[in-house]
Structure formats: structure tokens, C-alpha cells
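Colleague: These are the residues of each chain, in order.
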Amino acid sequence: MRVLAFLAGLSAAPALACAPDPDALALTPEATASLVAYATLAPGRLSQPFEMQLVFCGEDAPAIQRVEVSAIMPAHQHGMNYEPVVTALDDGRFSVSGMVFHMPGSWQVQVAAFGDGEPVFYTLEVEAR
Amino acid sequence: MIRRTLGRLCLLVGLMLVSAAQAEVLLSEDEIARALSHGPWPPAFEPDPSNRVSGLPAAIALGEGLFSDPVLSRDGTMACASCHDPAHGFAEPRARANGKVLLDRNALALVNLPAHRWFGWSGDTDNLWAQSLTPIVNADEMDQDAAGLKQALVTSRWADDYAAVFGPPAGQDADDVLVNIAKALAAFQETLVTGPTSFDRFRDALEAGDLATAALYPEAAQRGLKIFLGRGNCALCHTGPAFTNGEFHDAGVPYFITETRVDTGRHGGLEALKASPYTLAGPYSDDPEQQGAWAVRQVRPLHSDFGTFRVPGLRGAARTAPYMHDGSLADLRAVVRHYNTIDMERLHADGEAILAPLGLSATEADDLVQFLRSLSDDQP
Numbered sequence: 001m002r003v004l005a006f007l008a009g010l011s012a013a014p015a016l017a018c019a020p021d022p023d024a025l026a027l028t029p030e031a032t033a034s035l036v037a038y039a040t041l042a043p044g045r046l047s048q049p050f051e052m053q054l055v056f057c058g059e060d061a062p063a064i065q066r067v068e069v070s071a072i073m074p075a076h077q078h079g080m081n082y083e084p085v086v087t088a089l090d091d092g093r094f095s096v097s098g099m100v101f102h103m104p105g106s107w108q109v110q111v112a113a114f115g116d117g118e119p120v121f122y123t124l125e126v127e128a129r
Numbered sequence: 001m002i003r004r005t006l007g008r009l010c011l012l013v014g015l016m017l018v019s020a021a022q023a024e025v026l027l028s029e030d031e032i033a034r035a036l037s038h039g040p041w042p043p044a045f046e047p048d049p050s051n052r053v054s055g056l057p058a059a060i061a062l063g064e065g066l067f068s069d070p071v072l073s074r075d076g077t078m079a080c081a082s083c084h085d086p087a088h089g090f091a092e093p094r095a096r097a098n099g100k101v102l103l104d105r106n107a108l109a110l111v112n113l114p115a116h117r118w119f120g121w122s123g124d125t126d127n128l129w130a131q132s133l134t135p136i137v138n139a140d141e142m143d144q145d146a147a148g149l150k151q152a153l154v155t156s157r158w159a160d161d162y163a164a165v166f167g168p169p170a171g172q173d174a175d176d177v178l179v180n181i182a183k184a185l186a187a188f189q190e191t192l193v194t195g196p197t198s199f200d201r202f203r204d205a206l207e208a209g210d211l212a213t214a215a216l217y218p219e220a221a222q223r224g225l226k227i228f229l230g231r232g233n234c235a236l237c238h239t240g241p242a243f244t245n246g247e248f249h250d251a252g253v254p255y256f257i258t259e260t261r262v263d264t265g266r267h268g269g270l271e272a273l274k275a276s277p278y279t280l281a282g283p284y285s286d287d288p289e290q291q292g293a294w295a296v297r298q299v300r301p302l303h304s305d306f307g308t309f310r311v312p313g314l315r316g317a318a319r320t321a322p323y324m325h326d327g328s329l330a331d332l333r334a335v336v337r338h339y340n341t342i343d344m345e346r347l348h349a350d351g352e353a354i355l356a357p358l359g360l361s362a363t364e365a366d367d368l369v370q371f372l373r374s375l376s377d378d379q380p
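Just so you know, the sequences run in chain order A and B. Numbered per UniProt numbering, the first sequence spans residues 1 to 129. Numbered per UniProt numbering, the second sequence spans residues 1 to 380.
Please note that the accuracy of each hint is not assured.
[Unchecked claim] Covered stretches of chain B, as calculated for chain A (at least 3 residues, CB under 8 Å):
| # | stretch |
| --- | --- |
| 1 | 101 to 108 |
| 2 | 228 to 240 |
| 3 | 244 to 254 |
[Said to hold, decoys possible] Listed next, with one range per pair, are the computed distances between beta-carbon atoms:
| # | chain 1 | residue 1 | chain 2 | residue 2 | range |
| --- | --- | --- | --- | --- | --- |
| 4 | B | 359 | A | 66 | 43 to 53 Å |
| 5 | A | 76 | B | 345 | 14 to 24 Å |
| 6 | B | 155 | A | 70 | 50 to 60 Å |
| 7 | A | 76 | B | 49 | 27 to 37 Å |
| 8 | A | 88 | B | 359 | 46 to 56 Å |
| 9 | A | 58 | B | 301 | 31 to 41 Å |
| 10 | A | 75 | B | 167 | 52 to 62 Å |
| 11 | A | 63 | B | 207 | 18 to 28 Å |
| 12 | B | 283 | A | 76 | 35 to 45 Å |
| 13 | B | 77 | A | 70 | 43 to 53 Å |
| 14 | A | 66 | B | 210 | 52 to 62 Å |
[As the list claims (entries may be wrong)] Here are a few chain A residues that sit away from chain B, every Cβ distance over 10 Å (derived from the structure):
| # | residue |
| --- | --- |
| 15 | 28 |
| 16 | 30 |
| 17 | 31 |
| 18 | 34 |
| 19 | 36 |
| 20 | 57 |
| 21 | 83 |
| 22 | 98 |
| 23 | 105 |
| 24 | 119 |
| 25 | 125 |
I should point out that these hints are in silico values taken from the structure, not numbers from a laboratory. As the structure is a computational prediction, the values presented were derived from the model and not from experiment. Just so you know, even glycine gets a beta-carbon here, dropped at the ideal spot from N, CA and C.
Please construct the entire structure, taking both the sequences and the accompanying hints into account.
Modeller: Right, here's the structure in full:
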């Protein structure tokens with residue numbers, strides 16, 4: 001089973017210096033944000049845990065102290081059954097483990113980044129099959 | 001000339017066969033891709049790292065013997081097989097199991113268990129040996145305790161077999177004996193895997209591009225599979241080779257046991273899980289790396305857990321009627337009828353929005369039943 005990630009426009013991340021992976025996908029900010037965020041989702045089977053790497057690019061990236069991650073299926077009105085574990089790395093990078101998509105269909109990954117100011121919210125549309 | 005004619009004839013026959021085969025495979029490319037996700041089957045055996053006797057022949061034999069021996073119950077009247085009847089797919093024909101009292105739930109079939117992350121209808125355990133231990137010490141079931149079980153073991157015909165696997169029980173703590181017996185039972189149950197079915201031959205032929213063989217799968221079952229994958233929404237929860245996502249959902253079955261008592265389902269299961277010393281994160285696991293313990297640590301209690309129950313696998317299900325957590329649906333036709341006319345009032349108002357009456361015709365309902373039966377034709 002593969003988890004295929006799609007983003008509106010479905011373009012691979014531009015070659016920014018901080019992008020960790022050519023397959024990284026740009027997250028959609030809820031509002032205008034000074035930070036650009038990218039995610040790399042490791043392939044996984046339905047109902048099996050997988051990891052996700054997050055990278056925030058921009059001057060304020062090192063100021064991000066904490067990131068919260070969740071995911072929902074908007075059409076089904078439910079989220080994940082497990083709490084992902086977010087580990088801060090360095091230079092605005094975060095590793096997320098324990099993500100589980102337990103049903104096929106459209107998921108929306110939701111990311112909240114907490115720094116010095118107001119939190120910034122991002123989303124990523126993912127199709128799980 | 002004769003050779004050329006024969007060659008054309010063979011080509012013509014070949015084309016006709018391919019054409020006929022293609023006409024009889026009713027699935028679209030997308031449906032074929034989704035059908036492939038339900039295999040291959042059976043899976044290769046992988047020992048349970050939390051159970052040091054997983055896969056050991058002596059432990060499997062001990063577990064098989066204990067499974068059918070009432071010596072595990074306090075009064076010597078009840079065995080695992082009393083409710084998990086090998087002749088009934090390791091389930092039982094009664095709607096609700098009879099222990100010391102009439103229990104609240106139907107006895108789940110004990111097949112294809114390695115595919116699960118959670119065990120029992122409410123997922124109150126995260127491993128098979130803990131699930132095997134639960135009915136032994138449940139006062140409403142086998143009503144045993146660790147000390148009583150150890151005493152019963154050392155005076156039973158299984159004492160030498162136990163010692164051969166786990167060492168002499170005399171010097172062992174009674175709780176360790178209890179867990180060891182549960183691990184032998186688990187080692188046996190891991191071997192209860194259903195065989196390849198006509199669906200698997202269909203699925204494997206599709207994967208191999210062998211349309212002629214795939215076309216041998218009855219058209220009624222193919223039409224049922226299309227419903228299963230599509231408008232039936234069955235494959236949203238019954239995913240993967242074992243036909244279950246292993247998680248918990250509200251299937252619209254009443255959770256009132258009596259007018260004043262409810263079965264809280266996953267809600268209560270999580271409470272029991274969190275209080276249990278027998279999890280993959282606990283001291284009785286034999287896995288120093290605690291693989292799989294992430295689930296008990298990271299599982300998220302949800303308001304919508306109340307009254308939800310684990311999605312059962314569908315392989316072998318035709319042998320294990322009745323169905324649902326309370327055994328309230330007598331056969332597969334009743335299950336399809338339930339989802340076909342599901343009472344939306346019975347679903348959580350704030351729960352997931354998955355189910356709606358399917359509105360299948362009688363023929364379509366028959367087709368879906370034919371597909372479900374094709375998951376159990378590995379045995380006569």
C-alpha cells in the first residue's frame with residue numbers, strides 16, 4: 001500500500017537551500033506567512049505508522065520552538081486515532097513519527113508552528129490508498 | 001499451407017479466449033488496483049517479538065492442548081474452545097457467549113490474529129498473549145487466578161510439556177506461570193490462519209495479468225466485489241489483506257445491553273488497556289526493543305470511542321455466524337440488510353460520517369453476499 005501525497009498544483013518543492021528533499025511538498029499556510037514549510041512523507045501502508053519530515057524555510061525558522069501535527073479526513077469528519085510524536089531537530093527541521101492513516105481517501109495534514117509570535121497554521125492534502 | 005492455416009486458427013482461438021476472458025473480468029483498472037490491496041494471502045509467518053515462544057513447535061503443541069482443556073478454568077468446566085469452537089471457525093453459533101453468566105458480546109473468531117494491533121471487540125489488549133490471559137482471569141468467564149492456575153497446571157497432564165518449554169513451574173512466580181500459559185496459547189492461535197480462497201486466485205491472476213484465470217471467478221462475486229470497493233463503502237474499514245483496518249467504528253448496532261446498561265466498546269477497552277500491566281510497553285513483554293509499544297503510548301482517547309467496536313476481518317467469516325459485537329445479525333444476508341437499511345438515528349451524532357443506507361437491490365445484495373462467501377471457500 002502506498003501513501004501518495006498530492007498538493008494543489010502538485011509541484012515538487014523549489015530548490016531552496018533548506019529544502020531537505022527534492023520530493024518535499026510545500027504546505028499551504030492558513031494566511032500570509034513569512035515561513036515556507038515543506039513536508040516529506042515516507043511511504044507506508046494503510047493503518048501502519050509512518051514518519052514525516054518537516055522543514056521551515058525563512059529568517060524566522062530557527063525561532064520555531066514547537067510544532068503540533070494532526071490529520072483529519074474532512075469528508076468523514078474524523079481524525080487520526082494516534083497522537084504523533086514531534087521531535088525538533090535543528091535549523092527549523094522537525095521529525096514526526098506515529099502518523100497513521102487508517103482509512104483510504106483524502107486526508108488533510110494540519111501543522112501548527114509556534115515561535116516568538118502568533119502560531120502559524122499550515123495544511124497539506126494527502127491521498128491515502 | 002497447413003501450418004499457416006493452423007497458425008491462423010490458433011491465433012483466432014487465442015484471441016477469442018482473451019476476448020472472452022476480458023469480457024468476464026468486470027472490474028475497472030481502478031477497481032483492480034484496489035482489489036490487489038487485499039492480498040497476497042496468506043502472509044508469511046513472523047514471530048511475535050513480545051512472545052519468546054512464538055513459533056516454537058513445543059509451545060504451539062502445548063497451547064493447542066491447553067486450548068481445549070478445561071483445566072484452565074477454576075471449576076474445571078470451561079476451556080477456550082468452549083466459546084471458540086474449532087468446528088465453527090473458532091467462534092461460536094450463540095449470539096452472546098456463555099461464561100459463568102451470559103456475556104455481553106459474541107465470541108470473536110480466533111483466526112488471522114497476527115494481522116491485528118488490538119484484540120477483542122474493544123481492543124482492551126495490544127497483544128495476543130494478553131488477550132489469551134484475559135478470559136482466564138475474568139470472573140465471568142474462566143474465573144481463575146494466578147495461584148489457582150499454577151496449582152492446576154502442576155497437577156495436570158501438561159506439567160511436563162510446560163516444563164519443557166518454560167522450565168519447571170514449581171520455582172516460578174504464579175503471575176509468570178499465568179503469562180507463560182497465555183504465551184503458549186498465543187503461539188497456538190498464531191497458527192490459525194485461513195487459506196487461499198477463490199478471491200485470492202482471482203486477485204493473484206489479476207496481478208499476474210492472467211485474465212483467463214481471473215475470469216474463472218464467478219461474475220456474481222465480481223459484481224459483489226465492485227459494490228464492496230465502491231458504493232458499499234465496505235473497503236473504507238475492511239482494508240488490506242485481512243479485510244480489516246484493525247481500528248474501531250460505529251456500525252450502527254445498538255450498544256444497550258439492557259435498558260439501563262450499555263456496552264461502552266472502545267471507550268472501556270482503552271480504559272482497561274491503560275490500566276493493564278500486560279501491554280507491549282509493560283514488564284511481561286519479551287521484546288527489549290518494545291516494538292509495537294508505540295501504539296499503547298500514542299493511542300488517542302476520543303469522545304467518539306463510546307460504543308465503537310473493532311472492525312473484524314472477513315476471511316473465514318462465512319463460517320462464524322452470527323455477526324456484530326452482540327451477535328445480533330444471524331447471517332451474512334442479515335449483515336448486508338443491516339447496512340442496506342441502516343438506521344442513521346443509531347449512529348453517533350458527532351461521529352464519523354461514513355455510513356448511509358446503501359439502497360442495494362435484492363440482486364445486488366445477493367452479489368455482495370456471494371463476494372463475502374468467496375472469502376471463506378478455502379474450506380468446504
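Colleague: Hints first: check each against the structure and report whether it holds.
Modeller: Consistency of the hints with the structure:
Given a C-beta distance limit of less than 8 Å, the hint that chain A covers the stretch 101 to 108 of chain B is violated, as 0 residues qualify and 3 are needed. Note: the stretch 228 to 240 of chain B has 5 residues with beta-carbon separation from chain A under 8 Å; the three-residue rule is met and the coverage holds. Residues of the stretch 244 to 254 of chain B with a Cβ under 8 Å from some Cβ of chain A number 4, which satisfies the need for three, so the listed coverage holds. Between residue 359(B) and residue 66(A) the beta carbon distance is about 48 Å. The supplied range of 43 to 53 Å therefore holds.
In this structure the hint that residue 76(A) and residue 345(B) lie 14 to 24 Å apart at CB holds, the actual value being about 19 Å. Range check, residue 155(B) to residue 70(A): Cβ separation about 55 Å, and the 50 to 60 Å hint holds. Between residue 76(A) and residue 49(B) the beta carbon distance is about 33 Å. The supplied range of 27 to 37 Å therefore holds. With their beta carbons about 51 Å apart, residue 88(A) and residue 359(B) fall inside the hinted range of 46 to 56 Å.
The supplied range of 31 to 41 Å is met by residue 58(A) and residue 301(B), whose beta-carbon atoms lie about 36 Å from each other. In this structure the hint that residue 75(A) and residue 167(B) lie 52 to 62 Å apart at CB holds, the actual value being about 55 Å. Roughly 50 Å separates the CB atoms of residue 63(A) and residue 207(B), a value that falls outside the hinted 18 to 28 Å. Distance hint check for residue 283(B) and residue 76(A): the Cβ-Cβ separation is about 38 Å, which falls inside the suggested range of 35 to 45 Å.
One distance hint, 43 to 53 Å for the beta-carbon pair residue 77(B) and residue 70(A), holds here, with the actual separation near 49 Å. Taking the beta carbon of each, residue 66(A) and residue 210(B) are about 54 Å apart, inside 52 to 62 Å as hinted. Its beta-carbon lying about 24 Å from the closest one in chain B, residue 28(A) satisfies the requirement of being farther than 10 Å from that chain. Non-interface call for residue 30(A) relative to chain B: holds, since the shortest CB-CB distance, roughly 23 Å, exceeds 10 Å.
Residue placement check: residue 31(A) keeps its beta carbon more than 10 Å from all beta carbons of chain B (closest about 28 Å). With a least CB separation of 31 Å from chain B, residue 34(A) remains clear of the 10 Å interface cut-off, as annotated. The beta carbon of residue 36(A) sits about 29 Å from the closest Cβ of chain B, which is more than 10 Å, so the claim that it is off the interface holds. Listed as a non-interface residue, residue 57(A) keeps its Cβ farther than 10 Å from every Cβ of chain B; the least gap is roughly 28 Å.
Some Cβ of chain B comes within 10 Å of the Cβ of residue 83(A); the nearest lies about 5 Å off, and the non-interface call is violated. In this structure residue 98(A) is not separated from chain B by more than 10 Å, as the shortest Cβ-Cβ distance comes to only about 5 Å. Against chain B, the non-interface label of residue 105(A) is violated: not every CB pair exceeds 10 Å, the least being about 7 Å. No beta-carbon of chain B is positioned within 10 Å of the beta-carbon of residue 119(A); the least distance is around 21 Å.
Against chain B, the non-interface label of residue 125(A) holds: every CB pair exceeds 10 Å, the least being about 18 Å.
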